[in-house]
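S.K.: The primary structure of each chain is shown beneath.
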Amino acid sequence: MLEILDYAFMQRALLAAVLVGITAPAVGIYLVQRRQAIMGDGIGHVALTGVALGFLTGANPVWTAVAVSALGAIAMELIRWYGKTRGDLALAMLFYGGMAGGVLLINLSPTGSNANLTTYLFGSITTVSPEDVVAISLLAAFVVLITLGLRRQLFAVCQDEEFARVTGLPVRTLNLLLAVTAAVTVTVAMRVVGLLLVSALMVVPVAAAQQATRGFAMTLALAITIGVVVTLSGTVFSFYKNVPPGASIVVLAIGVFAVITALAAPLAKRRAQRVAAAGEGCTVRDDVLV
Amino acid sequence: MEAEEARETGVARETGVARETGAAEETGAAEEPDIAPATARHPDPPTTADPISLRGATATLGGRPVLRGIDLTVRRGEVVALLGANGSGKSTAVRSIVGQVPLTGGELALFGTPRRRFRDWARIGYVPQRTTAASGVPATVREVVSAGRLARRRFGPPRKADRAAVQRALELVGMADRARDPVSALSGGQHQRVLIARALAGEPELLIMDEPMAGVDLASQEILAGTLREQVAAGATVLLVLHELGPLEPLIDRAVVLRDGCVVHDGPPPKAVGQHALPGHDHVHPHAAPDAEPIRTGLLT
Numbered sequence: 001m002l003e004i005l006d007y008a009f010m011q012r013a014l015l016a017a018v019l020v021g022i023t024a025p026a027v028g029i030y031l032v033q034r035r036q037a038i039m040g041d042g043i044g045h046v047a048l049t050g051v052a053l054g055f056l057t058g059a060n061p062v063w064t065a066v067a068v069s070a071l072g073a074i075a076m077e078l079i080r081w082y083g084k085t086r087g088d089l090a091l092a093m094l095f096y097g098g099m100a101g102g103v104l105l106i107n108l109s110p111t112g113s114n115a116n117l118t119t120y121l122f123g124s125i126t127t128v129s130p131e132d133v134v135a136i137s138l139l140a141a142f143v144v145l146i147t148l149g150l151r152r153q154l155f156a157v158c159q160d161e162e163f164a165r166v167t168g169l170p171v172r173t174l175n176l177l178l179a180v181t182a183a184v185t186v187t188v189a190m191r192v193v194g195l196l197l198v199s200a201l202m203v204v205p206v207a208a209a210q211q212a213t214r215g216f217a218m219t220l221a222l223a224i225t226i227g228v229v230v231t232l233s234g235t236v237f238s239f240y241k242n243v244p245p246g247a248s249i250v251v252l253a254i255g256v257f258a259v260i261t262a263l264a265a266p267l268a269k270r271r272a273q274r275v276a277a278a279g280e281g282c283t284v285r286d287d288v289l290v
Numbered sequence: 001m002e003a004e005e006a007r008e009t010g011v012a013r014e015t016g017v018a019r020e021t022g023a024a025e026e027t028g029a030a031e032e033p034d035i036a037p038a039t040a041r042h043p044d045p046p047t048t049a050d051p052i053s054l055r056g057a058t059a060t061l062g063g064r065p066v067l068r069g070i071d072l073t074v075r076r077g078e079v080v081a082l083l084g085a086n087g088s089g090k091s092t093a094v095r096s097i098v099g100q101v102p103l104t105g106g107e108l109a110l111f112g113t114p115r116r117r118f119r120d121w122a123r124i125g126y127v128p129q130r131t132t133a134a135s136g137v138p139a140t141v142r143e144v145v146s147a148g149r150l151a152r153r154r155f156g157p158p159r160k161a162d163r164a165a166v167q168r169a170l171e172l173v174g175m176a177d178r179a180r181d182p183v184s185a186l187s188g189g190q191h192q193r194v195l196i197a198r199a200l201a202g203e204p205e206l207l208i209m210d211e212p213m214a215g216v217d218l219a220s221q222e223i224l225a226g227t228l229r230e231q232v233a234a235g236a237t238v239l240l241v242l243h244e245l246g247p248l249e250p251l252i253d254r255a256v257v258l259r260d261g262c263v264v265h266d267g268p269p270p271k272a273v274g275q276h277a278l279p280g281h282d283h284v285h286p287h288a289a290p291d292a293e294p295i296r297t298g299l300l301t
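Listed in order, the protein sequences are those of chains P and B.
Counting in the working numbering, the first sequence runs without a single skipped number right up to 290 at its last residue.
Counting in the working numbering, the second sequence runs without a single skipped number right up to 301 at its last residue.
Quick caveat, the hints were computed from the structure, so don't treat them as lab data.
Yeah, the Cβ is synthetic: ideal placement off N, Cα and C, and Gly gets one too.
Which residues of chain B face chain P? A partial, calculated answer using Cβ under 10 Å:
no.: 1; residue: Val-98
no.: 2; residue: Asp-120
no.: 3; residue: Thr-131
no.: 4; residue: Thr-140
no.: 5; residue: Ser-146
no.: 6; residue: Phe-155
no.: 7; residue: Arg-198
Assemble the whole structure, with the sequences as input and the hints as a guide.
M.R.: Okay, here's the thing in C-alpha cells:
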C-alpha cells in the first residue's frame, strides 16, 4: 500500500486529491444551499475553453482555466441578477459555447489534440506536474480561506438572500466572490477529477452528509470528510486499476451517498422513538375527558 | 448628533431587555441598571428622524403599478399595522422600505437619512414573509438566528456578546430548547418564531414584519404577541403587515389600510367588526398546519 508513495507523480496526485476533497464540497455546500448545484457543471464546461487557450498560447492551462472560468462564473452570476427571464437559455449558451470553444481551440493549437483534452475531462493521476501542484495549492488556499473564513456570511446570503441584504451585508460582492471561488475550485479539481465530473464532487458529498446531519456546520465538516476519503481512495484505486481517477472518485462518492442514505432512515426512526420516549409525544389522559 | 442620541436609546433598550430576560430565565446576563429602563410608551412627535418616512411612493411589479403614491410615516416608539386585502400593495410597501423593491417615484427616508445613503442597517430588524420552501442544506435553529447578528458584526468571528444576544433572542421567542434542532423539523409557527428571533438577534430599534401571523398556530400566535409586547414595552418601533389584527390588536397604535396601491385609512385601528368589514376581506384565517404541534383544546391547560 505504502509503496505508491515512492512515486513522485503519485505524491503529487494524492496531494492534489486531498486539496480537491477539501475544496469541492466546501464550495459545493453553498451552491447546494442556494439550489445552484448545476453551476459547477457550467463552470466546468467554460473552463474547457480556458484549458484550450492555455495550449494555444503556451501558458499553463491551470492559470488560463482560472481566468476563463472566473469570467464565466461572473457572467452566470450577472445573468442570475438581471436576466430573470430565460436565464436558463443564457446559461445553456454558456455551457455549449464553453465546450465547443474548447474543442475548437485545442484543435487549432499546434501541440494540442482531443487526447490532451480527455485528461482534463476525466482527470488523470500521471499528469499532475510540479507546477500544477504549486498552482493547485495556492488556489486551494484561497478557496479554503473564503469558504471557511466567510462561512457565516455566505451561509446568510445563500440561506435567505433577502434577509442578508437587510442586515447590510455586501450581498452582491459576496455572490461574486462565491462565483469566482467556485470557478477556482473547478480548476483545482480539474487535474484529478476532470472538468466533466467536478460538479459531482461539489454536490454528492454534501448530498450524502446532509442525510445524517441536523446543522450547517456539521454538514460542512462531514461533507469535507467524505470528500477527502473518496478522493484519496479513488486516486489509489486508479493507480492499481489504471482507470481515470475522476470516474472512480465519483462512483465511490455515490456509493457513500447510498450507504449513508440507507443508514440514515433507521437512525432518524431511532431518534424519533427516543423523543417519544422522553415524553414529547401524545398521551391520552382520560381524567380530563367528560 | 442624531445618530449618537439614537445609539444611546438603543443601549438603554438592550439593557432593559437583558434585565428582563435575566430575571425571568436566570441567565445571569443582566447588567448593572445604570440607565433608567425605558418602559413607558410615548411615541415621539413627528421629527425629521422618524424611523420610516415614505412620501408619494410609487412602485411597479412586472409593469403593473402596485403602489400608486402612498404616504407612510412611522414615528419612534409607534406600532403601526399595514392592513389590506391580497394584492393591495402592503407587502410591496414593506419590501420597498427595506430595499427589496425599487421605488419608481417618491421619497423614502429611514431614521432621517434618504434610503440611498442609509447604511445603518443594524437599527432595522426585518422579518420577511415566511416561505414554505426549505433550504437545500440543513441548518439548526441557532445557526439561522445567528445570521441576524451579522447586522451588528458583519465580519470577524462572533464574540461573547454576540452569542449572548443570539441566546437572548432564542429565549424571547421560547425556542432556546430547540436551538440545536434543524429548522426543517419545526412547525409553521415555530419557524416564524425563529425568523423573529433572527431579527431580534441584531437588537434593532425598528422591527419590520411581513405577515408574521400567517400560517401560525394559536399557541405560537400568543407567544409572538407576548414577544412583541416586550419589545414594544422596551421602546421598539414596529411596522407590521397584517391580514387581520387578531391577537396583536391591543398593541397596535395606528393602522394604515391600503387598497389598490393607495392609502384609504390612516388612523386608529379598525374595531373588531371593522376588520371583517375591510375592503376586500376574503376570510382567510390562519390554521395550524397538519404537521404542527398537537392542537391544545384548552381542556388540558
